[in-house]
Amino acid sequence: MPLEIVTIPCLSDNYAFLAHDAVSGNTALIDAPESGPILAELVRLGWTLSHVLLTHHHWDHVDGLAGILEKHPATVIGAAADAHRLPPLDQRVVEGDVFEIAGEPVQVLDVSGHTIGHIAFYMPQSAAVFTADSLMALGCGRLFEGTAPQMWASLSKLAALPDETIVYSGHEYTQSNAKFAVTVDPDNAALQQRVADIDRARAAGEPTVPSTLALEKATNPFLRAADSAIQVQLGMTDSDPASVFAEVRTRKDRF
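Under UniProt numbering, the residues of the sequence shown are numbered 1 to 255, in order.
There may be inaccurate statements among the hints.
[Claimed, not checked] Taking lysine to any residue pairs in the SDA-like style, the calculated list, with each CA pair at most 20 Å apart, reads:
id, residue 1, residue 2
1, 252, 98
2, 179, 246
3, 179, 203
4, 157, 206
5, 71, 40
6, 71, 94
7, 157, 203
8, 179, 193
9, 179, 127
10, 157, 98
11, 157, 204
12, 217, 156
13, 179, 90
14, 71, 98
15, 179, 204
16, 217, 254
17, 71, 45
18, 217, 98
19, 217, 166
Read the hints as simulated data drawn from the structure, not as lab findings.
Whenever a hint applies, use it, and build me the whole structure from the sequences.
Quick look at the structure:
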């Protein structure tokens, strides 16, 4: 049975996620921006943490961990490459590692670019991938540490997952991402429909995360660097997709 996944708004625009197995009672937390909302949701649901999965070291993904562990002494899992900057880890993982939560395999993907050592967690049985600040709803993370070719490789890795995969990303940036996306992909009907859907959701106070990988591939310009319409719009017809991605990322940084 797929895990039950709950989205928890944190801070001003972050998300954390709980993945729960009703049979075993095991519950994993993905990222810990702040303790209060996460602890409150665990109480509301009557769940106890068994694992915490950390995607990268930035404060707005880890600062709530200490307070959470005081109440729930869970196993903390994070990237071996980032261990020197993460809170203390019980298990260090690298790309290709597979571990289990409630009997479900969790695959580790290196998605460096936003940071070096950023990882994503893919749960194929639940058709879920937790991408934090790598692939985001209608966007991708700013390149604080990695290079554009590195991020393009990471996004291409995520894009190769099944289309039905649900993408749980780390921030509510979708509406601002949409305003940029239409500047580089103005004739994309699927994108125009998504923008309208996003505006309606945000006006109603609803989250735009998670999304599906199929929707991201159809509308997210950071995944569409090989698309001829975007290349024409940028004046980069027949260019290498990694170079097109770099131009899209540069334009977003200036937007």
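Next pair to validate is residue 157 with residue 204; report whether the Cα-Cα distance is within 20 Å.
violated, 34 Å
If you draw a straight line from the CA of residue 71 to the CA of residue 94, is it 20 Å or shorter?
violated, 28 Å
Checking one constraint from the list: CA of residue 217 to CA of residue 166, max 20 Å. Satisfied?
holds, 12 Å
Distance restraint between residue 179 and residue 203, which requires alpha-carbon spacing of 20 Å or less:
Judged against 20 Å, a Cα distance of about 15 Å means the pair holds.
Holds or violated: residue 71 to residue 98, with C-alpha atoms at most 20 Å apart
violated, 27 Å
For the pair supplied as a hint, residue 179 and residue 204, confirm whether the alpha-carbon distance does not exceed 20 Å.
holds, 18 Å
Just to be careful, I want the Cα atoms of residue 71 and residue 40 compared with a cutoff of 20 Å; is the pair within it?
holds, 11 Å
Verify the proposed pairing of residue 217 with residue 98, using a straight-line Cα cut of 20 Å.
The given pair, whose Cα atoms are some 26 Å apart, is violated under the 20 Å limit.
Is the straight-line distance between the alpha-carbon of residue 252 and that of residue 98 20 Å or less?
violated, 34 Å
Holds or violated: are the alpha carbons of residue 157 and residue 98 at most 20 Å from each other?
The given pair, whose Cα atoms are some 16 Å apart, holds under the 20 Å limit.
Does the structure keep residue 179 and residue 127 at a Cα separation of 20 Å or less?
violated, 29 Å
Residue 157 and residue 203 were given as a pair; does the straight-line alpha-carbon distance stay at or below 20 Å?
violated, 33 Å
Hint compliance for this structure: hints 1, 4, 6, 7, 9, 11, 13, 14, 16 and 18 are not met, and every other hint is.
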